[in-house]
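K.L.:
Assemble the whole structure, with the sequences as input and the hints as a guide.
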Amino acid sequence: NAGVTQTPKFRVLKTGQSMTLLCAQDMNHEYMYWYRQDPGMGLRLIHYSVGEGTTAKGEVPDGYNVSRLKKQNFLLGLESAAPSQTSVYFCAVGRAGERYNEQFFGPGTRLTVL
Amino acid sequence: AQSVTQLGSHVSVSEGALVLLRCNYSSSVPPYLFWYVQYPNQGLQLLLKYTSAATLVKGINGFEAEFKKSETSFHLTKPSAHMSDAAEYFCAVRDTGRRALTFGSGTRLQVQP
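One line per chain: the protein sequences are A and B, in this order. Once you know that position 42 of the first sequence is 42 in this note's numbering, the rest is easy, because the numbers rise by one and skip nothing. Once you know that position 69 of the second sequence is 69 in this note's numbering, the rest is easy, because the numbers rise by one and skip nothing.
Hints were generated in silico from the structure; no laboratory data involved. Remember, it's a predicted structure, so these values are computed and weren't measured experimentally. Treat the hints with care, since some could be wrong.
Among the chain A residues that face chain B by a calculated CB cut under 8 Å, a handful are [as the list claims (entries may be wrong)]: (1) Phe10; (2) Tyr31; (3) Gly42; (4) Val50; (5) Gly53; (6) Phe90; (7) Arg99; (8) Asn101; (9) Gln103; (10) Gly106; (11) Gly108.
In silico DMTMM-like links for lysine to aspartate or glutamate, alpha-carbon gap of 20 Å or less [to be verified]: (12) B/Lys49 x A/Glu102; (13) B/Lys58 x B/Asp85; (14) B/Lys49 x A/Glu98; (15) B/Lys58 x A/Asp26; (16) A/Lys71 x A/Asp38; (17) A/Lys57 x A/Asp26; (18) A/Lys71 x A/Glu98.
The C-beta atom is built at its ideal place from N, Cα and C for all residues, glycine as well.
P.N.:
Written out as structure tokens, the structure reads:
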């Protein structure tokens, strides 16, 4: 029972390159989220999904795209990476129908864009 | 919209001393509030949550938090700090619009021997 996993753990990109981050869960939760963490700014929501085939924008969606083709996976894509996207990215999952939206987090992906 | 403010980006205490990490919230509806902890190079782990059942909430590792509506606060406390408590702590509030969480900027706790 792995919970929430993220692939890769670390990545270095050059400006303009593209990549996809994978979040996978075995908790069977409906909601999935992508956050980025930057020093002094806490975690900010990039995109989220409330079910298979649905996605929505969060607080800082520009420069990112997402897809939720399967319930257990949530992909975050960077089409043309920029140095401002250097960050630690966290995936989280949550149960539908729960009033308070408790979330369970993956271990994070540290991305550096040169 | 809901938001939280964490006062103090860094807090340093001596081992055995009281830990007090401050969080104030802003919400137009009754809030659901959380404290998460992040150990170095790890993800976030839930410490405790307020869901309106009780104003004093006990969490893991000896931490507790008290919801005070009159002060719009949800401060995190622990009577006696341990070296293993050194970590970054985040306060969060449920974002009712997005069914997500809105996080504070975090407080890094340092525990001195």
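K.L.:
Does each hint fit the structure? Answer for all of them.
P.N.:
Here's how the hints hold up against the structure:
1. Phe10: Since the shortest Cβ distance to chain B is 11 Å, the answer is violated.
2. Tyr31: Given a least distance of 6 Å, the restraint on A/Tyr31 holds.
3. Gly42: With a closest approach of 4 Å, the A/Gly42 hint holds.
4. Val50: For A/Val50, the interface hint holds, since the closest Cβ of chain B sits about 6 Å away, which is under 8 Å.
5. Gly53: Status violated, d = 16 Å.
6. Phe90: Where the cut-off is 8 Å and the nearest Cβ of chain B is about 6 Å from A/Phe90, the hint holds.
7. Arg99: holds (7 Å)
8. Asn101: Holds - the Cβ of A/Asn101 comes within 8 Å of chain B, reaching about 5 Å at its closest.
9. Gln103: holds (6 Å)
10. Gly106: This hint holds: A/Gly106 lies near chain B, its Cβ roughly 6 Å from the closest one there, short of 8 Å.
11. Gly108: holds (5 Å)
12. B/Lys49 x A/Glu102: It holds: about 8 Å lies between the C-alpha atoms, which stays within 20 Å.
13. B/Lys58 x B/Asp85: OK: B/Lys58 and B/Asp85 at ~16 Å, within 20 Å.
14. B/Lys49 x A/Glu98: This hinted pair holds, its Cα atoms lying about 13 Å apart.
15. B/Lys58 x A/Asp26: Roughly 28 Å between the alpha carbons, so the hint for B/Lys58 and A/Asp26 is violated.
16. A/Lys71 x A/Asp38: At roughly 28 Å apart (the allowed maximum being 20 Å), A/Asp38 and A/Lys71 break the hint.
17. A/Lys57 x A/Asp26: violated (24 Å)
18. A/Lys71 x A/Glu98: Judged against 20 Å, a Cα distance of about 18 Å means the pair holds.
The structure shown violates the earlier hints numbered 1, 5, 15, 16 and 17.
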